[in-house]
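Spelled out from the first residue to the last, the chains are:
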Amino acid sequence: MPAVFPTLKTGAVAQYPATDSNQFASFVVRFLDGSDQRHRQFPAPLRTWVIKLNMLDETELNALEQFFIAQEGSVGTFSFVDPWTQTTFTNCSLKQDTLQYAVQGEMQGTASLTVMENRV
Amino acid sequence: MPYFPQLSSGATGQYPVQKRRTERTIINQLPDGHTVKFADAGAEQVEWQLTFQDLTDSEIAGLQQFFATCEGQLNGFTFLDPLDNLLVWSEALNEPAWEASTLLQFTAGISDPNGGTGATTIVNPTGSDVSVQQSVDAPGALVYCFSAYVRSQNGVSISLFRQTSDASASNIYATQAAWSRISLSGSLNTAVDSTTVGIAVPAGQSVDVYGFQLEAQPAASPYKSSFSAGGVYSNAHFSQDALTVTTTGPNRNHCTLTISAR
Chain A
293 MPAVFPTLKT GAVAQYPATD SNQFASFVVR FLDGSDQRHR QFPAPLRTWV IKLNMLDETE
353 LNALEQFFIA QEGSVGTFSF VDPWTQTTFT NCSLKQDTLQ YAVQGEMQGT ASLTVMENRV
Chain B
640 MPYFPQLSSG ATGQYPVQKR RTERTIINQL PDGHTVKFAD AGAEQVEWQL TFQDLTDSEI
700 AGLQQFFATC EGQLNGFTFL DPLDNLLVWS EALNEPAWEA STLLQFTAGI SDPNGGTGAT
760 TIVNPTGSDV SVQQSVDAPG ALVYCFSAYV RSQNGVSISL FRQTSDASAS NIYATQAAWS
820 RISLSGSLNT AVDSTTVGIA VPAGQSVDVY GFQLEAQPAA SPYKSSFSAG GVYSNAHFSQ
880 DALTVTTTGP NRNHCTLTIS AR
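Going down the list, the sequences are from chains A and B.
Its first residue numbered 293, the first sequence is counted upward by one per residue in the numbering used here.
Its first residue numbered 640, the second sequence is counted upward by one per residue in the numbering used here.
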């Protein structure tokens, strides 16, 4: 059973502002006459979500850090629920090998994680 | 091994604190988007940026002296993460890190005050008080707060304790039917580099426990679960060779320190 991306105490995965994107990969050959020929490299786009979190308490930050440790950065795979569509993506990874968070005061923690869908 | 000093308040750091945990992954990305990944566990690193403000002259002198002792980045020291639980396996009392009598009975998977099932019921069927304890390679002389959530249907009196080979402190708490958080705070007059904390369960009684946490500060912060690694870093180093101190008035000094550890 794959790991699951941790939720906040509210049950939410993400906060505003949240970003998601679709990644395509196109191979473009350009010719001298200005025309081009294009090939699709990815069979389907890969989704990426940027999760920016703030006003977290230390328990929530700790849950994120433990998750990051368990994933060994970008190595591990886990299940992620798209916060827009509630679709479950069963094979995702973190896109980063560094987790940086700051604690400005009590319940004022900030962190950012980028989740990417893996090609299955 | 020298250890990072606490401020006069007993705290290791002040807000804001930044922490950065870095892993290294070798990734081979194929044209169709598939990836082959390998973890490079040896490259793990943790880094803290501690910003200190309004330190007294004696506090900043202590930091400067410690920095000089370490000769900047050269020599290592023990650093206790101010953002982490110093204990390991905080919810797994059956792990070897916890020392307990084989006569004690543990039942894990009990509902906990945070909505999970991380609590444990401890039953002491013997005729004498029995304890569960964990030792941490952290200097005994620092200020610590050892905390845990407890409950019991019988109003059992349990005790938390902290001890080294030559000093100890403990306190007795009456448990309630609802979860309550109890804590034992203070420092010990000792020079020993190891600290043991634990809970003693009275003879013939049972108690539910959850969320053991040890922190190098005077009061308990929100509970942070821990697994195989705690917040004790026995070979930390400064990431800088110069310590710049700014004095903004009498007894008002500030500086920023960056510490890294593996």
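Among the hints, a few may not be true.
[Said to hold, decoys possible] Each computed SDA-like pair below joins lysine to any residue, with the alpha-carbon atoms no more than 20 angstroms apart:
1) K387(A) to G397(A)
2) K344(A) to S318(A)
3) K676(B) to R411(A)
4) K676(B) to I361(A)
5) K676(B) to F334(A)
6) K387(A) to A680(B)
7) K387(A) to K301(A)
8) K301(A) to G397(A)
9) K387(A) to V675(B)
10) K387(A) to N753(B)
11) K387(A) to Q684(B)
12) K387(A) to T664(B)
13) K344(A) to P644(B)
14) K344(A) to A317(A)
15) K301(A) to G755(B)
16) K387(A) to T340(A)
17) K344(A) to V412(A)
18) K344(A) to E398(A)
19) K301(A) to R411(A)
20) K344(A) to Q358(A)
21) K676(B) to T340(A)
22) K344(A) to V305(A)
23) K387(A) to G755(B)
24) K387(A) to G672(B)
25) K344(A) to A394(A)
26) K301(A) to S404(A)
27) K344(A) to W376(A)
28) K301(A) to K676(B)
29) K301(A) to A403(A)
30) K387(A) to S740(B)
[As the list claims (entries may be wrong)] Among the chain A residues that face chain B by a calculated CB cut under 8 angstroms, a handful are:
31) M347
32) T351
33) G365
[Stated by the list, open to error] If you only want the chain B side, here are some residues facing chain A, beta carbon under 10 angstroms, derived:
34) T661
35) E662
36) D671
37) E683
38) G754
39) A780
40) R790
Treat the hints as calculated values from the structure; they're not laboratory data.
The C-beta atom is built at its ideal place from N, Cα and C for all residues, glycine as well.
Structure-based check of each hint:
no.	hint	result
1	K387(A) to G397(A)	violated (28 angstroms)
2	K344(A) to S318(A)	violated (29 angstroms)
3	K676(B) to R411(A)	holds (13 angstroms)
4	K676(B) to I361(A)	holds (16 angstroms)
5	K676(B) to F334(A)	holds (18 angstroms)
6	K387(A) to A680(B)	holds (17 angstroms)
7	K387(A) to K301(A)	violated (24 angstroms)
8	K301(A) to G397(A)	holds (18 angstroms)
9	K387(A) to V675(B)	holds (14 angstroms)
10	K387(A) to N753(B)	violated (29 angstroms)
11	K387(A) to Q684(B)	holds (17 angstroms)
12	K387(A) to T664(B)	holds (10 angstroms)
13	K344(A) to P644(B)	violated (34 angstroms)
14	K344(A) to A317(A)	violated (26 angstroms)
15	K301(A) to G755(B)	holds (12 angstroms)
16	K387(A) to T340(A)	holds (9 angstroms)
17	K344(A) to V412(A)	violated (26 angstroms)
18	K344(A) to E398(A)	holds (18 angstroms)
19	K301(A) to R411(A)	violated (30 angstroms)
20	K344(A) to Q358(A)	holds (17 angstroms)
21	K676(B) to T340(A)	holds (18 angstroms)
22	K344(A) to V305(A)	holds (10 angstroms)
23	K387(A) to G755(B)	violated (28 angstroms)
24	K387(A) to G672(B)	holds (14 angstroms)
25	K344(A) to A394(A)	holds (12 angstroms)
26	K301(A) to S404(A)	holds (17 angstroms)
27	K344(A) to W376(A)	holds (15 angstroms)
28	K301(A) to K676(B)	violated (32 angstroms)
29	K301(A) to A403(A)	holds (15 angstroms)
30	K387(A) to S740(B)	violated (45 angstroms)
31	M347	violated (13 angstroms)
32	T351	holds (4 angstroms)
33	G365	holds (3 angstroms)
34	T661	holds (5 angstroms)
35	E662	holds (3 angstroms)
36	D671	holds (6 angstroms)
37	E683	holds (8 angstroms)
38	G754	holds (9 angstroms)
39	A780	violated (25 angstroms)
40	R790	violated (19 angstroms)
Comparing the model with each earlier hint shows violations of hints 1, 2, 7, 10, 13, 14, 17, 19, 23, 28, 30, 31, 39 and 40; every other hint is respected.
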